[in-house]
Every structure is written in structure tokens, then in C-alpha cells.
Amino acid sequence: MKSYMKATVAVLAAAVMTLSACGRGNDAASSGDGGKSNLDIALVSKGFQHQFWQAVKAGAEEKAKELGVTMTFDGPASETEVDSQLQMLQAAIERKPDAIGYAALDPEACVPLLDQAKQGDIPVVEFDAGCNSKVPVTICKTDSKTAGALAAEHMAQLINKKGKVAIVGHSQINSTGVERRDGFIEKMKKDYPDIQIVDIQYGDGDHLKSADIAKAQLAAHPDLAGLYGTNEGSAIGIVNAVNELGLQPGKLTVVGFDSGQAQIDAIKSGVMAGAITQDPMGIGRCTIDSAVKAVKGESMDDVQDTGSFWYDKSNVDSSDIKPKLYQ
Amino acid sequence: MTTQRAEDLADAGTQSAPGESVAAEAARSGRFAALGQGLQQVLAFGTLIALIIVFTIASPKFLTITNLSSILLSTAVIGILAVGTTFVIITGGIDLSLGTAMTLCSVVTGLLLTDAGLPLPLGVLGGIAMGALIGLINGFNVAVLGLPPFIATLSMMLVAQGLALVLSGVKPIYFTTVDGFSKIALGEIIPKVPNAVLVLFGLAILAGIILRKTILGRMTYAIGSNEEATRLSGINTRRWVLAIYTLAGVATGVAGVVLAARLNSAQPQLGVGYELQAIAAVIIGGTSLLGGRGSILGTVIGALIMSVLINGLRILAIQTEWQTVVVGLVVLVAVFADNLRKRRAEGGGHR
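Chains as they are written, first to last, in this note's numbering: chain A, 50 to 376; chain B, 851 to 1201.
Excised from the complex, chain B in its bound form (with noise of 0.2 angstroms):
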């Protein structure tokens, strides 16, 4: 029922019914952003192409078929999160079980793997099941319980973590005897680009046309941009709100799988602070932390940013203390240029 009339509204039909003027508006609020976040993805861009030019520059060893397929691998776990809890920020929510969450699937794509001996690919959806499991738990928290994100995912990162260790035997899963397993990140359909690779740009692409093509994408944006307006509006944000975070599940779940196979075992221990640096990819791809605003492919760029330029600093030697400096200051950089073409953004309006 509810759906059906988000669908009318979103239609934007010839009818005049009272909620369609504040989707109507969230829709425009939306375009505004969109224009916004064009300026963004340059800007973003325009930095990680910096980025590569000052360490081409730096070291010759930097700019090499070998080293640029290192750095692409290392963007696949932390992207595909990424992509994934961009969703959920713009929502105006925040994600803090991604990387516990994503540890939880690794250890039960491994258990039905090794343990039961199921098919490869009933494994790996089993893996991603959870994720979405997980998801659907922190929406239903969110959306129904109205817990607040932060606090509702931030013990779900706790359970998540204690899962994981409690299945696995606080030990780790090899999947050793699992042939092919570990193809699923390291093989390579096309030359010196590892597989993670393209499951990251393959959900990334995924994710962009739900993002912007769908009535999924508009409520994400609708509901990040005034909650309370879109549901006065009749729409049932509740069961939207749910949908998002079980849609973030599915991404956890698929990099927890990712995950598992470059590693080729399940490591219960790993994944606590991943969901930060997957956050600050999505930041520095310019997704607005107060919600309403972002995108798919700001977030890619943001965790590209961060793994040049992590690559980068590791091969010029830098302190691997400094490393961390730079990283931080270039998350307070991009909040920082969020927050002034907000302010600009506002100023326009009073002309």
C-alpha cells in the first residue's frame, strides 16, 4: 500500500495530493545536491589525481602496473563497505558494526564452507545472508525501535564481534581445502586486476543506478533531507529506513566474503576499525555526515584517496605513525570542505 503511494509520489503524477509537494521538494533538494556533490566528485578527483602525480613524481617506484594493481586491491575490502554504508549516512545514520559485521560473515562463510561442506556458492550467499541479517537487526533497531544509529549499530559491533569469536572457536578458518575460494579476490579475469577489483566496481555500479535510479535511492535521499517531512508526506519511512540498512548488510556481507578470500581463511580477531576508515572514505567522497547528500561514485574516489595515498606514504618509508597523522588530517580536510559549501550553499539562498 504505502509503497504503491511512495511509487505515485515519486512519479511525481498530475494528482495534488497533500505529500506531494514535500516530495516534490525533497526530489529538488535532492537535484541541488546532485549539483553540489558534481562540484564535490571534481574536487575529489581532482585530488586523488594530485595525489598520484606528486608520488609519480616522489618515487619512481610508485607509478607501476604492479604497484597500481597493489593499490586497487587494497581499495576492494574498505570500498566495498564503503559503498555500502554510503546508504546509510546519507540517511543521516552512521554504521559502527561494518567491520566486526563483515569479520561475522567471513567466519560463517567459513564455517558452512568447511564444517557443513557446502557448495562454494551456497557458502559465499550464506556469508552475505548474514550481512544482510545484520542489516536488517540494525535497521529494525533504528526504523522500529527508534534507537539511535550510533548507539544501536555500536552494540551490534560488539555482538557482531563476540559472534564471530564464539562460532569461529577463537581460532582462525582456513579455507585451505575449499578449491577456488580464494579466486573469488585474488584470480583475475582480466590481467593484473585481481577479482576484489571488479566485485568492487561491479557493486559500486550496482549501487549508483539503485542510488539514483530507483525509488530506493530517492527515499535514501528523501529521508536524510527531512525524516519527519517524508513520513508527514505518507510515506512509511520506517520500512524504507529497514530496507537501507539491510541494503548496507548486503555490501558487508559480500566484503566480509571478499575479505575471506584474499586472506583464503576467516580471521576472527580482524575488523575492528575498518567501519572508520570505510566512514571516512565515504566523508572524503563528500557524503554529507548530516545526511541528504552524496554518492556512489564520490565514495569509490574517497577510498581510493585513502589507499594512494596510505601506498604512497608506505613507499616513500614514511613513519608508520605519520602515515596515520596525514590520514586524519585529510578526513578534518574533506568534513571541513563539506561544511563551507554547506554554509555557501545557505548563503546562496537569502539572495
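So here's chain A without its partners, still in its complex pose (with noise of 0.2 angstroms):
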């Protein structure tokens, strides 16, 4: 029975590797055989076009130039096409790389493609935001619901530890905006029992629909305290609806999420009192070093928590963070 279905998967794998071969005549002499020099990594990321992800590619690109490895980087136009990047994925695993780097958009759609790369034989490592499979080996990532316990402490410091709260997030289903929005939730929960989380609204980190949501929220709340931004559209959604209303800087405590040239600007002008930012570089090297490792079959954690870092007026040029801010 068992030798059965290996002999099914087999067949199968054959029929679905002589298929991409004749797809792509030119790699048909390189595949098969796991021995090249010059490993291919396929990395399917959540998006291209945020400054994040040219960061993450920027230190994936870096990594692979100081291994000597190949790589693609693809990604779906926005992070709600979650249908549109598992066709991406399903792309890369008919390439057949030597190992796929994959930042899930959506934690269960991925399930079944990790399944069958798995079968074809090639490792695979996570970043950013995982899949619920057992398939990856590792996954390259900041811890969200530490980045989010972050904002929530400096959020609850800045407003002497009392008063309205309202969130701005930018999703409600991908990973790291449930994360970021639960880890400042159960910090503010746990540790300030005087700070009253009053609303929570998503704007899919649309400026435009971030700030409107904003200024919604500070009508129905003319006494919030803070505002926390759970990525950076949101945040300069929250920078757009106050200097909008004509809030004098420093009322309302705005925390940010993320970075790039509009949240440093306000940052250092006073508007934002600070931000949570990652090391979005850092994950690319991690991702392209763990696939490496994985090819090689060396060991590694489940998690590498690359970091988050609380930024302000103080730090914003300081050697720490400054190349930690993506633009």
C-alpha cells in the first residue's frame, strides 16, 4: 500500500518536472540533481512595491552576492491578493530552485502548495509572516506581538499611563497586523489597567482611508489620547488626519509603526512621538542565509526574531537605527 503511493507520488513528481522542464527548455540541464555551485533561491515575498519589501530585497540581494547564489524576488502588486500570490508561488515550486523563500499573505491558503513543494524536494524557509505548515524549517521575522508590546509601553509611558486609546490597523487577518495590534493590546491589558483601548478601525494601509478613519476616530473621540498606527500607511494616515484637523503637535500621542520619509519628517517635526521599526534588511540576509543552510541540511531555530527597535526625536540619526529606517 505505502509503496503504492510512493510510486503515485513519484509519477506524479516525474510528470510535473518533465512538464516545467519542457516549459522552460533552457533550465531542463540544470534540474534534477540538488549538486550545482550555483544555487537558484526563488523568494515569493507579501508585496514589492513598499519600501519594506525593496529592503528585504535589498538585503536578500546583498546576502546572495556574498554566498554566490542566485535569486528572484516576486511579489503580488498589494497584500490583499492573496490568490495571486499563491499562483506566484506555485510558479517557483514548478521552477524548481534549490530552496523558496515564501512570506505568507495568508497563514491556511499556503498549506497545500508547501505540501507539494515538499514533495518536489525543495526546502523551505519563511520570512516575514509564516504559513500554518510543518513543511519550513525556519522562519526570518520580527516578532510582531513584541514589536506591538513595544509601541503599547512607549504609548503608555508617553500618556503618563492613563487615558483613551484608539488603533488604526492595517489588517485584520495578515499576521504581523493581528500581531502588532494583540501584542499592544495584551501589554496595555496587563501592565495599565488605566488606558482604555476605545476603538479599532482597519484602513488596509491606504493613506487616504487611514486618515479619514483617524479623523473618525478623534470625532467620536475628542479626548484620545494616543493614536497607534499598526504599519506605516496607517501611522501617516493618523500624521495626515492631525495636521488636517490643525491638532496642535503633542495633544494626541501618535505612535507609528514601520518608517519611511514621511515618518521621520514627522517625527522630528513633533507630530509623531516616536515609532516601532524592524530590520527589514536584516530579514533578507537571514531569509537567503537560512535557505543556504537548509539546502546543506544544516540545523536551525524555528524562529530568528530579527528585532524591533522603538525610534524618536532622539535616536531618528543615531548609528543604531538610522539603517534600520527603510524609505
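It is worth saying that the hints were derived from the structure and are not from the lab.
All of these numbers come straight from a predicted model, not from anything done at the bench.
Idealized CB from N, CA, C, for every residue including glycine.
Warning: the hint list may mix true and false statements.
[Stated by the list, open to error] One-sided and incomplete, this derived list gives chain B residues near chain A with beta-carbon spacing under 8 angstroms:
1) 916
2) 924
3) 1024
4) 1027
5) 1076
6) 1113
7) 1117
8) 1118
9) 1120
10) 1122
11) 1161
Take each chain as given, in its own frame, and dock them per the hints.
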């Protein structure tokens, strides 16, 4: 019975390989054995337009150059396009690279495809956001819950540990959106009972939508002490709202996430108190490094936290923070 | 030549040219449509007032000067897109490229004002011209190549999205060095009324005049009512469709500039989905997706209904997921009302 299944799998795998070889004739020669010197690594990202993903890509390219491997970097146009991202992952699997680096837009939809990668003997490492699958050997990411808690800690100190706070989120589905929110809420509940989270709404990271959301929240709660934006678009939306309403800088404590020129400007001008940044280039480097280790069969930690960092007026130009700010 | 002829027809002169009866017919059906639209506008306006009353009762925070000002500002970009695309929808067409074309226009304005260092008015005109060019290409694909508007503008949606990314180098373009640019959207010539809102209303009045009082407007209705008959009456419908899409493109360009001014940056990844909101506003405002009927006033009211609804739901802290459901249902009701009215109008014709 077991051998029968094995045979079926082998036939299927052979069929897939033949098909993919037919599709890309020039690859046919190199596919089939993992013993070539020049490793081919396919990264499928959650996006490529956002500066964050550009920084991940830059970090990955840097490491790839250093290790002498070739890599590709793909991602859908928007972070809501779960389906088109899965097609990119499918295409990557069919290409038969030596390893795949994957950042899941949806933690469930990717499960069958990763099983397929396993059947094709392609090791998978994840970055930024994981899939609910046992196939990937490691993940390089910012621990988003820790990062959210760090945002909450600074927010609490800045508003003297009491008052109303609202959140402009960027997604109620993808794991960074959920964990940055939950890490923030859990920290507040646990350590700051006098801080009340009065409203959470989601603007898809769209600057315009997030600005309109923040304005509605400020209209509904004129006594709001703080607003937390869970990514660049959300945070800049809040900054735009503050500017459009002509609020005095500092009346409302704005805590952001990620970076970018507008966010750095807002922090320098005092509209934003500070923000959490990650190390996207570090994520990119870690992903390529782990992919190469995975090909060699080296063991790694399940989760590799590349860290989260608070920055504000005082350290925005410091040598610690500056390389981690992506623009 | 043909333009002259069309003007003759529209003037409804005394000669009895073979095409005249068709043009007159189109004009008549336009007038009937205007009656139906009167009703729809009253209905839409009633809905708007009802929503405002409901939200005012539900929350004391809703009806404040600051919040009303926020609502108007949040209507501006979608409203401007909707006003332009009303023309396209009245011809029976659809424009899916609105959102990303708008983004491309803001990127072009950004490059002209920052990289090229052009003076402010030229950068703004450049963005609007980009919109006109996109509209012209859409019009060409629809009118001359005969592609279905859905497909022609779907491909333009992707092309514009890609170009916006390529031209911007996949990075936002900031206008921080361009003095006065954000004033286009956020300055207040009239206190508490952001300039973006004035742009919307100014453009809407202009569009209303074009649609109601000019031959371009009459041709828009005629093509939407019966393109075949309009063409058979000797009118060069291709040329008019080209003009109509270009006009809509100009509005897209204006929306791009206003969006960039409000954000004080051109965000190349923005824009997908804006076209659907604009189309929804047009439909809520009583313009028929089947073509031949619609009005600018309706569209403006439709856009206001959308933004009042979304703002009100946000103030009441209704979950984002449910907000989307409610907006979807409102669009459904609007389309249903349109169908109902159409069926009744047809039933009436049999008397």
C-alpha cells in the first residue's frame, strides 16, 4: 500500500518535472540534482512595491552576492492579493529552485502548496509571516507581538499610563496586522489598567482611508490621548489627520510603525512621538542565509527574530537606528 | 464636417434629414430620462438627509462643523473620479482604470514638480494632461479598435499601475520641497471648506453644464440610449466616444493632483479599488449601468451618501468588516431601485 502511494507520488513528481522542463527548455539541463555550485533561490514576498519589501529585497541581494547564489524576488501588487501570490508560489515550485523563501499573505491558503514543495524536495524557509504548515524549516521575522508590546510600552509612558487610546490597523487578517495589534492590546491590559482601548478600525494601509478613519475616531472621542498606527500607511494616515484637523503637536500622542520619509519627518516635527521599526534588510539577509543552510541540511532555530526597535526624535539619526529605517 | 452635421441635428432645424428623427428621438428619450432622474435625485437626496438624521440621533459627535468638514474632504477624490466617469457610464461604458490611472497622474505630477523642478501650475497641468492621454487611449481602444470597455480599461488599469511603479521607482514621491502644493487640497479659501471640496464642486458644476447644455452632453446620452441608431443617423459616434473618455480622463488627472496634494506625496501603490468606489457612487446617484440615463447632481449626492455612511459607521465604531457589508448592500439597493424604475417605465409605455 505504502509503496503504491510512493510510486504514485514519484510518477506525479516526474510528470510535474517533465512539464516544467518542457515549459522552460533552458532549465532542463540544470534541474534534477542539487549538486550544482550556483544555488538558485526563489523568494516569494507579500509585496514588492512597499519600501519595506524593497529593503528586504536589498538585504537578500546583498547576502546572495556574498554567498554567490542567484535569487529571484516576486510579490503581488497589493497585500490583499492572496490568490495571485499563491500563483507566484506555484510558479516558483514548478521552476524547481534549490530552495524557496516564502512570506505568507494568508496562513492557511499556502498549506497545500508547501506540501507540494516538500514532495518536490525543495526546502522552504519563511520570512516575515508564516504559513500554518510543518514544511518550512525556519522563519526569519520580526516578532510582531513583541514589537506591538514595545509600542504599547512607549505609548503608556508617553500618556502617563492613563487615558483613551485607539488603533488604526492595516489588516485584520494577515499575521503582522493581527500580532502588532494583539501585542499592543495584551500589554495594555496586563500592565496598564487605566488605559482604555476604545476603538480599532482598519484602513488597509491606505494613507487616505487611514486619515479618514483617524479623523472619525478623533471626532467620536475628542478626549483621545493616543493613536497607534500599525504600519506605515496607517501611521501616516494618523499624521495627515492631525495636520488636517490642525491639532497642536503633542496634544495627541501618535505612535507609528515602520518608517519612511514622511514618518521620519513627522517624528522630527513632533507630530509623531515615535515609532517601531524592524530590520528588513536583516530579514532579507537571514532568509538567504537560512535558505542556503537549508539546502545543506544544517539545523536552525524554528523562529529567528530579527528584532524590533523604538525610535523617536532623540535617536532617529543614531548609527543604531539609521540603517534600520527604510525609505 | 460630421461635427457640423451633429450640431445641425441637435439644433433640430427645419430640414427633414433622414437622421433627424433619430437624433430627436434620442433627445426625447433624454428628456424622459431627465424626468426619471428627477425622481431618482429626490430619492437619493432623501436618503442622504435620512442618513444624516439617523447618525445625528445615534451620536452627538456626528453633526459637528469639524466632522462635516472631514466628510466633505473625504468625498473629494472619489467624487471627482465619479463625476468624470459618469459620462462614460451614461454612454453604456465602464472605466476600470480610474483608480490606478489617478495614481499614475499623481506620480507624473510628482516627477514634474520634484525631479524636473517645473513651476507648480505646469506640474499640475502635466498630471491632468496625463489623465487626458490615458482617457484618449481608453477612448481609442473602445471606439476605434472596438474593444469592450471592460477589457480595454481593465488592461489600462494594469498598465497604469505598472507605469506608476516604474516611473516612481517603487517609492513614494514627497512634495515637501514644493511650496504651496498641499494647499490645492488642504488650503481653505472658504473657512472650514478644504480647497479639494471646492475643486470637486467646481468640476461638478462644469460637468453638469457640459452634460446638460452642450452637444457633447447630448451625444453622451444619445450614444448610451442607442449607439447604433445614433451612428446610422450620420453621427460620427467614434469621435464622440473618444472625446467622452478623454473628458473622463481629465477628471482622473484632477483627482490624481488632489490626492497627491492631500497626502503631500504621490503613493505609487495606492489606487486599486478606488474605481469601484467611484462607480458605486455613480450608481447610487441613479446613473444606469445600461447607459442612456444619469446626472452629475445624482453622482455628487451618491458620493456624499457613501462618505456620510462610512464616516457615520466609523464614528459609531461599527467593525470595519460590517462597514464594507453595509456599503455593498447600499449599492445593491441602488441598482435594484434603478431596475424597478426602468421596468415601471417600460410597463408605462404599453398603455
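Hints, one by one, checked against the model:
no. : hint : verdict
1   : 916  : holds, 7 angstroms
2   : 924  : holds, 4 angstroms
3   : 1024 : holds, 6 angstroms
4   : 1027 : violated, 11 angstroms
5   : 1076 : violated, 38 angstroms
6   : 1113 : holds, 5 angstroms
7   : 1117 : holds, 6 angstroms
8   : 1118 : holds, 6 angstroms
9   : 1120 : holds, 6 angstroms
10  : 1122 : holds, 6 angstroms
11  : 1161 : holds, 5 angstroms
Checked against the numbered hints above, the structure violates hints 4 and 5; every other hint is satisfied.
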